[in-house]
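So the sequences go chain by chain: Y and H.
Residues 1 to 169 in the working numbering are what the first sequence spells out, letter by letter.
Residues 170 to 317 in the working numbering are what the second sequence spells out, letter by letter.
Wrong hints could be hidden among the right ones.
Said to hold, decoys possible - Computed list of lysine to any residue pairs in SDA-like fashion (alpha-carbon distance at most 25 Å, straight line): (1) H:K279 - Y:S105; (2) H:K198 - Y:S38; (3) H:K193 - Y:D92; (4) H:K194 - Y:Q90; (5) H:K279 - Y:P125; (6) H:K198 - Y:A104; (7) H:K183 - Y:L94; (8) H:K193 - Y:A104; (9) H:K194 - Y:A108; (10) H:K194 - Y:Q103.
Honestly, the hints are just simulated from the structure, not real lab data.
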Amino acid sequence: MVGSGVTERPRVELIGADSASGLADLLHQFLEQTVDASDQKAEAARALRGAVVVRAAEDEAIAVRIAFQGDRIELRDIGTEATGSTPSIQGDFLSVAHVTSGQASPMALVLSRQLRVSFGLGQLPFLFRVLGFMRVDDGSDRPRRVPVLVLVLVPVLVLVLVLVFFLRK
Amino acid sequence: MPAIYSDAWYDDMKALINGSAEFKKLAPKQRAVMTLEVVGDGKSPYVPSGAELYFLVVLDGGEVAEYRALPERHDGKGLGFRFTAPATVWENIAAGLLDPITCGLRGQIKIRGDMRFLMQNADAVKILVDLYGRQGRTEWPQGKPPYA
Chain Y
1 MVGSGVTERP RVELIGADSA SGLADLLHQF LEQTVDASDQ KAEAARALRG AVVVRAAEDE
61 AIAVRIAFQG DRIELRDIGT EATGSTPSIQ GDFLSVAHVT SGQASPMALV LSRQLRVSFG
121 LGQLPFLFRV LGFMRVDDGS DRPRRVPVLV LVLVPVLVLV LVLVFFLRK
Chain H
170 MPAIYSDAWY DDMKALINGS AEFKKLAPKQ RAVMTLEVVG DGKSPYVPSG AELYFLVVLD
230 GGEVAEYRAL PERHDGKGLG FRFTAPATVW ENIAAGLLDP ITCGLRGQIK IRGDMRFLMQ
290 NADAVKILVD LYGRQGRTEW PQGKPPYA
């Protein structure tokens with residue numbers, strides 16, 4: 001926060017913008033617009049530290065690494081490059097759009113295999129925070145209260161995800 | 170059967186989209202203005218190399234209010250989205266040979282606009298582009314894609 005009470009927006013930068021994939025270009029615009037949407041979004045972005053890879057289900061050669069570095073969010077195409085220990089999310093355009101617009105729960109899409117996620121257990125809170133930041137709100141800038149149902153369901157869903165993670169091995 | 174880029178073709182596309190009950194159900198109720206830019210690439214027989222065609226699509230109240238050619242490039246005022254691609258890409262999509270979503274993800278179609286709105290209305294966008302690609306009603310008087 002700066003003295004004026006307005007949250008400083010993190011800079012969103014697309015590396016290799018001239019030859020970027022459409023997915024990288026779309027995510028770049030989306031993230032820029034998201035950090036500009038409200039002080040809460042800008043604050044949430046500044047608090048994130050880590051990277052995530054988003055891979056298109058329509059074409060596995062299209063993958064974008066998003067690195068959250070506090071005052072900067074950096075995107076770059078990685079194509080078929082191995083993601084290493086970076087958590088990744090793979091889904092088709094509609095599934096990704098449904099998650100970011102809040103029309104579908106990421107957990108439901110993971111369980112129905114419309115979204116494929118890969119992560120270390122310790123990265124789970126970061127992934128949740130990234131998805132929460134990317135989720136399109138209704139335009140309201142007011143702080144929102146967390147419904148009781150969400151408070152009850154989140155631990156249950158985390159448990160389900162952990163079970164899925166271990167059963168998959 | 171209207172010829173591609175003819176006035177009748179624009180009218181036919183508008184009628185096709187407005188005839189879709191699925192689109193009507195999912196289309197945004199607020200006004201959304203978009204333009205499609207078709208760039209001549211030396212392969213399409215319909216758009217000379219270096220020339221550009223522009224068309225305007227206006228969604229309002231859950232249906233297509235306007236779908237027509239523009240005499241020149243939209244100046245951007247009040248514009249929600251700009252979709253730009255080589256003529257061959259648009260024509261391959263209209264012929265059902267390319268998937269428009271994959272073209273967008275690959276960067277063959279450049280998209281500029283409100284991505285948050287796009288994400289919120291992705292189902293309607295999908296129906297719109299599927300109707301465009303699967304209509305099979307377009308006439309190709311100078312030859313149909315794929316071009317040699």
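| query | Hint numbers the structure violates, sorted upward? | reply | Hints 1, 4 and 5 contradicted; others consistent.
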